[in-house]
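Below are the chains, spelled out letter by letter.
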Amino acid sequence: MKAKQVTVLSGKGGVGKTTLTASLVSLTRSCVVTDCDVDASNLHLLLKPEVIDKKEFYGQKKAKIEASKCIECGLCREACRFDAIRNFEVDPILCEGCGVCAYICPAEAINLEEEVSGYLYTSRTKYGFMCHAQLKPGEENSGKLVNLVRKNAETLAEKNGLNLIINDGPPGIGCPVIASVTGVDLGVVVTEPTLSGIHDLKRALTLLNHFGIKPLVCINKYDLNLKNTERICTFCKANGIEVIGKIKFDPIITQSMVAGKPIVEYSPDNPVSKSIAEIWRRIMKELDLDV
Amino acid sequence: MILSVASGKGGTGKTTVAVNLALSMERKVQILDCDVEEPNVHVLLKPKVTERKPVYIRIPKVNEDLCSHCGECAKFCQFNAILALPTEVIVFPELCHGCGGCKVVCPSNAIVEEDKEVGEVVRGFSDGIEVVYGILKIGEPMPVPVIREVKRYLDKEKDVIIDAPPGTSCPLVHSVYGSDFVILVAESTPFGLHDLRITVDVLRQMKIPFGVVVNFKGVGDEGVYEYCKREDIPIILEIPFSREIAELYSRGIPFVETLEGWKARFRELTKRIEEYI
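These protein sequence lines are chains A and B, in that order. Numbering of the first sequence is given in my numbering, commencing with residue 1 and proceeding in unit increments. Numbering of the second sequence is given in my numbering, commencing with residue 1 and proceeding in unit increments.
It is worth saying that the hints were derived from the structure and are not from the lab. Incorrect hints may appear among the rest.
[Claimed, not checked] Chain A residues, not near chain B, derived (Cβ > 12 Å throughout): (1) 161; (2) 270; (3) 278.
[Stated by the list, open to error] Simulated pairs of lysine-lysine, BS3-like, Cα-Cα distance not exceeding 30 Å: (4) 227(A) to 48(B); (5) 53(B) to 151(B); (6) 64(A) to 136(A); (7) 202(A) to 46(B); (8) 207(B) to 64(A); (9) 48(A) to 217(B); (10) 227(A) to 46(B); (11) 217(B) to 261(A); (12) 207(B) to 62(A); (13) 61(A) to 61(B); (14) 202(A) to 53(B); (15) 46(B) to 237(A); (16) 151(A) to 75(B); (17) 48(B) to 202(A); (18) 75(B) to 64(A); (19) 227(A) to 263(B); (20) 214(A) to 137(B); (21) 227(A) to 217(B); (22) 64(A) to 103(B); (23) 75(B) to 55(A); (24) 214(A) to 116(B).
[To be verified] Facing chain B, from chain A, some residues (calculated, C-beta under 10 Å): (25) 40; (26) 136; (27) 254; (28) 258.
Quick caveat, the model's predicted, so the values are computed rather than measured. From the three backbone atoms N, C-alpha and C, an ideal C-beta is built for every residue, glycine too.
Chain A extracted, bound-state conformation (with noise of 0.2 Å):
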């Protein structure tokens, strides 16, 4: 049986995906999580992941122009559309890697090379196995190493018969988000009740709409504006959304992640760790899993 596979995402950053992936884990125990933030991931630092494999993963190509070879025509500056090459330099941070420059260069002073732009880990943690990785700082997040992640995610679900995926996703809505959320069965999005936390949900569901995929919202930091609370209630419900949770503003979370332990297990009976708990009963329900 194919593993279900459930997406938190959030558009704005710091609303508290990865505190609440790290909790739906440890509730679930059997399954399989991904950390599909590869460029700012956090959710090791609270599921404490032993690495048992360890990828070397190559993206980008940049171009370089070998100093000996090169005639200074400028015809390679003339062709660049990313503005890369001044001075007959290639800059390494505009450079896209289209080879465009290689190709018409008269004098094949241009090569394209590969460098390794990130690893991707496979890792046990207490909760089961955990599927990660790290792009190298200013490297183009194109969504191919959150594909990996989450291949990586899906053999290791089947090989083991382990029916649940939970993937952290990151922030914003573009390459790295789209791919941690295509194909999955559900996409929780956690907001906040601030006028940029609302700014940031619509375009979020507007993307899971995009790609048909289910979405169901919870609540971060509620009792901190019960007005835009309300407003974020209103509006899913005008738009058939279901709001599966709400959760305190409580430092204790802020707590738990200096301790590096998921908040239900921090504190289990504390009122955000009994919300979280519901949240996570209803995405079971939701993806037809038992509890």
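Please arrange chain B on chain A, whose structure you already have, making use of the hints.
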């Protein structure tokens, strides 16, 4: 002076710092929101919009009448955006970077380029502050072309504040490129520290000077402080953890407008930054 406000982790208060800083500055200010996936500056500043401009990238279109199905275009494309079948060529616009390489290599001149809208740039004014922000179209994967367009509006006659996207990859790098100084906003928690470190790596590679603003001071641990001390990174401002500030933010109100003394503190911050540059 071009100042970028960045942080690896999301939700640490980049936009809060950028907007409050803009409101505190004495000279003419322009604020560029380069977080085009989730722009929020306009939510706080509510500019009166004077201009909206679509952002296009150029993607290939194959003229099947001229195409000889040699497959050179697909072979050349580094982004796998073209699939050349024996009798048909398929373009995947979401993967195309718009480099124009396929057109250059095509021996039959069968490729023309057409504009594809990937987002828009909006310009407006809020109490004399010029606000420019980009919006990536939903479903479009690549934010960089929109960021590039936002940055074309950069006005060197003014003090420029760039609100950068979270993360440490391409979009961040393109946003802060060319800045005189980067303000890194960090919360002193394990997540905050982890993401601060990787952002510091990028800025060191880019050789841009930077300092840290600690936000939500009072919750979390000492990790960020210890790290900054060890690495000799200046902490240029601290903003306390306060329910009042959080509530003001939730209503879209920049806190320098209501809490006393903060405009002066942000002004001092700019002076300190000028000294570093």
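Hint by hint, here is what the structure shows:
no. : hint             : in the structure
1   : 161              : 33 Å, holds
2   : 270              : 16 Å, holds
3   : 278              : 23 Å, holds
4   : 227(A) to 48(B)  : 25 Å, holds
5   : 53(B) to 151(B)  : 13 Å, holds
6   : 64(A) to 136(A)  : 19 Å, holds
7   : 202(A) to 46(B)  : 18 Å, holds
8   : 207(B) to 64(A)  : 20 Å, holds
9   : 48(A) to 217(B)  : 26 Å, holds
10  : 227(A) to 46(B)  : 20 Å, holds
11  : 217(B) to 261(A) : 21 Å, holds
12  : 207(B) to 62(A)  : 20 Å, holds
13  : 61(A) to 61(B)   : 25 Å, holds
14  : 202(A) to 53(B)  : 22 Å, holds
15  : 46(B) to 237(A)  : 27 Å, holds
16  : 151(A) to 75(B)  : 25 Å, holds
17  : 48(B) to 202(A)  : 22 Å, holds
18  : 75(B) to 64(A)   : 20 Å, holds
19  : 227(A) to 263(B) : 28 Å, holds
20  : 214(A) to 137(B) : 20 Å, holds
21  : 227(A) to 217(B) : 27 Å, holds
22  : 64(A) to 103(B)  : 22 Å, holds
23  : 75(B) to 55(A)   : 26 Å, holds
24  : 214(A) to 116(B) : 28 Å, holds
25  : 40               : 4 Å, holds
26  : 136              : 9 Å, holds
27  : 254              : 5 Å, holds
28  : 258              : 5 Å, holds
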